[in-house]
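J.: Spelled out from the first residue to the last, the chains are:
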Amino acid sequence: MKKLMLAPMLALSLAGCTEALSLVGGLAGGMAGNPATVADRTTLDERAALGIETGYQVAAQLALVAFQTGFVPPSQDADVQRDNFCEMVVAGLAVVTDRGGQIAALDCRAHHAVTMMRRAYDAGNATSFAVTFAEARRLVAEMTSIIAPDGNGLLNIGRN
Amino acid sequence: MDIAAIARMALSAAKMAGAHLPAFQSLASQIATVVGPGRTQDELKSALADARARSDQMHKRVQDAAKGR
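Going line by line, the protein sequences match chains A and B.
In terms of my numbering, the first sequence opens at residue 1 and continues consecutively.
In terms of my numbering, the second sequence opens at residue 1 and continues consecutively.
Honestly, the hints are just simulated from the structure, not real lab data.
Even glycine gets a Cβ: it sits at the ideal position worked out from N, Cα and C.
Take every hint as true, because none was put in to throw you off.
Simulated restraints on C-beta separations:
hint, chain 1, residue 1, chain 2, residue 2, range
1, A, Thr115, B, Leu11, 34 to 44 Å
2, A, Ser145, B, Val35, 14 to 24 Å
3, B, Gly18, A, Gly92, 34 to 44 Å
4, B, Ala14, A, Ser145, 24 to 34 Å
5, A, Ala91, B, Gly18, 36 to 46 Å
6, A, Ala78, B, Lys60, 14 to 24 Å
7, B, Val35, A, Ala123, 18 to 28 Å
8, A, Gln81, B, Glu43, 36 to 46 Å
9, B, Ser29, A, Glu87, 26 to 36 Å
Sequences and hints are given; from them, build the entire structure.
T.: Printed below as a string of structure tokens:
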């Protein structure tokens, strides 16, 4: 099953993203052309999935630092306070107006994408794994870029 | 704002940053697992299971923080 996932994984463009995800991309690129590492290819899906999980955690940790240091105040939006906020975000029904709400909504979308990738991995579906991997990677990168879009780190969070 | 208030804010910020260090150290270790050579598939699957649980915890914490909890 894992070998089936390999081809679409390698076909993915892995350029330009968070540092952790770039590491995974570099790994995949290097393995594609090196016969000596053929034996390691069976672990590529695990490494890719682990890279996404790690990338998400980096983005989430940065968001936590932003909230806990006061760079971004908690959201005042009513929808954010709802228990089903993330379901609303995924369904496109949530309304967010402040910076805290925007970060929370992006976290919902990123975590949802990671969850979809997990399901595809568990199901052994190569096609949907490739698609959900790409989507999760995109959203994790977007979440990180909101926090550090130009290398100035948390100082960018409070700007609108 | 006087000097003492600024110093208190700086100290508070330093403590806050320090509180996050273990989390970033854990992430660094996780990245090393991703890129490190010689990991078996079983080892990676085990690391992946742990990472999933941590991601879910982080998601909950971010949502709680956004809600001001």
